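> Turn these sequences into a full structure, and let the hints guide you.
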Amino acid sequence: MSAPVQSSIATRNLNLWYGSFQALINVTVDIKDGLITALIGPSGCGKTTLLRCFNRVNERYGYVTTTGEIKILGKNIYDPDVSLIELRKSVGMVFQRPNPLPISVYENVVFGLRIHSERSQLKRSLLDEAVETSLREVGLWEDLKDRLDTKATGLQLEQQQKLCIARLLPLKPRVILMDEPCSALDVEGTRAIEELMFGLKGRYTILIVTHNMAQARRASDECIFMLLGEMVEHARTEKLFLNPADPRTAEYIEGRYG
Amino acid sequence: MTPPDANVFSETPLVRRKRREEALAKWIFCAMSALMILPLVLIIGYLFERAWPSLSLGFLLEVPTRGMRAGGVWPAFVGTIYLVFLSLAVSAPIGILAAVYLNEYARDNWLNRLINLAVINLAGVPSIVHALFGLGAFVYAARFGYSIISASLTLAIMTLPVIIASTREALASVPRSFREACWNVGATRWQTIRSVVLPNAISGILTGVILQVSRAAGETAPIMFTGAVFFKAVQKGDLFPYSLHDQCMALSMHLYTLSTQVPDVQESIPFATAVVLLGSVLLVNAAAIALRVYLRSRKKW
Ligand SMILES: Nc1ncnc2c1ncn2[C@@H]1O[C@H](COP(=O)(O)OP(=O)(O)O)[C@@H](O)[C@H]1O
Ligand SMILES: [Mg+2]
Chain A
406 MSAPVQSSIA TRNLNLWYGS FQALINVTVD IKDGLITALI GPSGCGKTTL
456 LRCFNRVNER YGYVTTTGEI KILGKNIYDP DVSLIELRKS VGMVFQRPNP
506 LPISVYENVV FGLRIHSERS QLKRSLLDEA VETSLREVGL WEDLKDRLDT
556 KATGLQLEQQ QKLCIARLLP LKPRVILMDE PCSALDVEGT RAIEELMFGL
606 KGRYTILIVT HNMAQARRAS DECIFMLLGE MVEHARTEKL FLNPADPRTA
656 EYIEGRYG
Chain B
860 MTPPDANVFS ETPLVRRKRR EEALAKWIFC AMSALMILPL VLIIGYLFER
910 AWPSLSLGFL LEVPTRGMRA GGVWPAFVGT IYLVFLSLAV SAPIGILAAV
960 YLNEYARDNW LNRLINLAVI NLAGVPSIVH ALFGLGAFVY AARFGYSIIS
1010 ASLTLAIMTL PVIIASTREA LASVPRSFRE ACWNVGATRW QTIRSVVLPN
1060 AISGILTGVI LQVSRAAGET APIMFTGAVF FKAVQKGDLF PYSLHDQCMA
1110 LSMHLYTLST QVPDVQESIP FATAVVLLGS VLLVNAAAIA LRVYLRSRKK
1160 W
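Residue numbers (the working numbering), protein chains in the order written: chain A, 406 to 663; chain B, 860 to 1160.
Any given hint might turn out to be false.
What the hints assert, rightly or not - Capping the alpha-carbon separation at 27 Å, the derived lysine-lysine pairs in DSS-like fashion look like this:
1) A/K556 <-> A/K528
2) A/K528 <-> A/K480
3) B/K877 <-> A/K480
4) A/K476 <-> A/K644
5) A/K577 <-> A/K528
6) A/K437 <-> A/K476
7) B/K877 <-> A/K476
8) B/K877 <-> A/K528
9) A/K480 <-> A/K437
10) B/K877 <-> A/K577
11) A/K556 <-> A/K577
12) A/K437 <-> A/K550
Calculated from the structure, these hints are not laboratory results. Being a predicted model, the structure only gives us computed values, none of them experimental.
Written out as structure tokens, the structure reads:
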């Protein structure tokens, strides 16, 4: 099973309907392990929908039907023996607007650990260590190490978004999904999040939705272009931007429609 | 990279335990909400069973006879309608307008915070205290005497804060973006309120007002102190037996009298009175729900 570069997420003929409206049409894609993959396409083409399939959030709406197969780490996530709890532990999600919980920075970071471990395993030293490692990874440790008990909702937006990423890390996820994580941030914040992504690259599979093509170009290894619910093209980022195979991709990256 | 293994995402014992806890929690919450229906069913069932021998259309339309030991409840029924209608006719307009001011115009300054505090506290005042206030203010100070006016005004004061609170909630649920859209084309606040805010909040406002019907109809203390009497001679089926300065009978008061003051009452009569009271209130509430469903169905957001 362990080929050198294996796919971390693989879908086969994935279709999804909201009621009678089909939002994803025959999506077949292999997202490679340890890389940053950007998902681009005009607004309403189904990027968010696809992303939300990967941790099975869409099912929460009663009127959603899905057909096809999604394999994450080689396992079909719709198999009956898959535990939703364990799946979401391994597949973390970062949202458009930072959504730290209204509790302290410290508690935000260890929130996942508290939820996913027996109380007896949660030694203070273990939690402290998890907080330091996670905050260091996202570059918040130096800024926040003396303010760990301030309310997370009072931080700057950029720090909040970094914290939301740090919150995923103690659970050792394999996949991190990001839905336009920079659209609420300014230029500085955007750059900081991109650097952070580079830091995480290799250890996590990162799938990032963005409508900012420059960002996709700068920050991703591979790029997927979607249009009206279909996957049009999936290639190395340089290739997709310099030499797109599909004329629709070319038109989109030239800015003919957006 | 660790190779994928067949057991990723499969349940650990901890997950299994959490699932059991989850199922238990859900079951308890569900049981609690189901439990809520039980008293209602029991109350209604019990009332009807005990009231059965006296229940008839005649009971509603007859006047009480033989020192209230026989006959019906017509004077009390009409009296309750008078009181409820008059009190809400006073408190609804005042309450709604006040709520519009508080929600749409008032800035966050000390005066308005004081008003808010007053509204909240007024809502918590026990009805017997309202009764005393009504006695002092309307019966004596305003010289309305023991009368329908005094009783209705007392009930109005009692329902006012709740109407203000529920109306504010209805207004606050209208999205801010609707207002901004209006302001951006240069509409004044009043134009905005009239054309956008009120039409969208009306179902919530009406529901809040109509829910006060049951409170006004059910309270005994405020009207006993200010305008309700044990007995008043009235023609059977007379729709306008009282003038505003008369005292009147009322269902809640009648029920209290029958059960505590009059000896040897046939047992089913107080229960039948309760059925009439409960029935009219439920009827009004059902109408409110129907109205709300209708108004909501026209709302597209
Ligand atoms: N919860 C939902 N219910 C119904 N339709 C939805 C829902 N979410 C998204 N859609 C529709 O699905 C399509 C894809 O939406 P989305 O995945 O959010 O696009 P993107 O993120 O690429 O902008 C859109 O046409 C949108 O209107
Ligand atoms: Mg989206």
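> If a hint holds in the structure, say so; if it does not, say that too.
Hint by hint, here is what the structure shows:
no. : hint              : verdict
1   : A/K556 <-> A/K528 : holds, 23 Å
2   : A/K528 <-> A/K480 : violated, 32 Å
3   : B/K877 <-> A/K480 : holds, 23 Å
4   : A/K476 <-> A/K644 : holds, 26 Å
5   : A/K577 <-> A/K528 : holds, 18 Å
6   : A/K437 <-> A/K476 : holds, 12 Å
7   : B/K877 <-> A/K476 : holds, 25 Å
8   : B/K877 <-> A/K528 : holds, 20 Å
9   : A/K480 <-> A/K437 : holds, 15 Å
10  : B/K877 <-> A/K577 : holds, 20 Å
11  : A/K556 <-> A/K577 : holds, 24 Å
12  : A/K437 <-> A/K550 : violated, 35 Å
In the structure shown, a violation is registered for the earlier hints numbered 2, 12, in ascending order.
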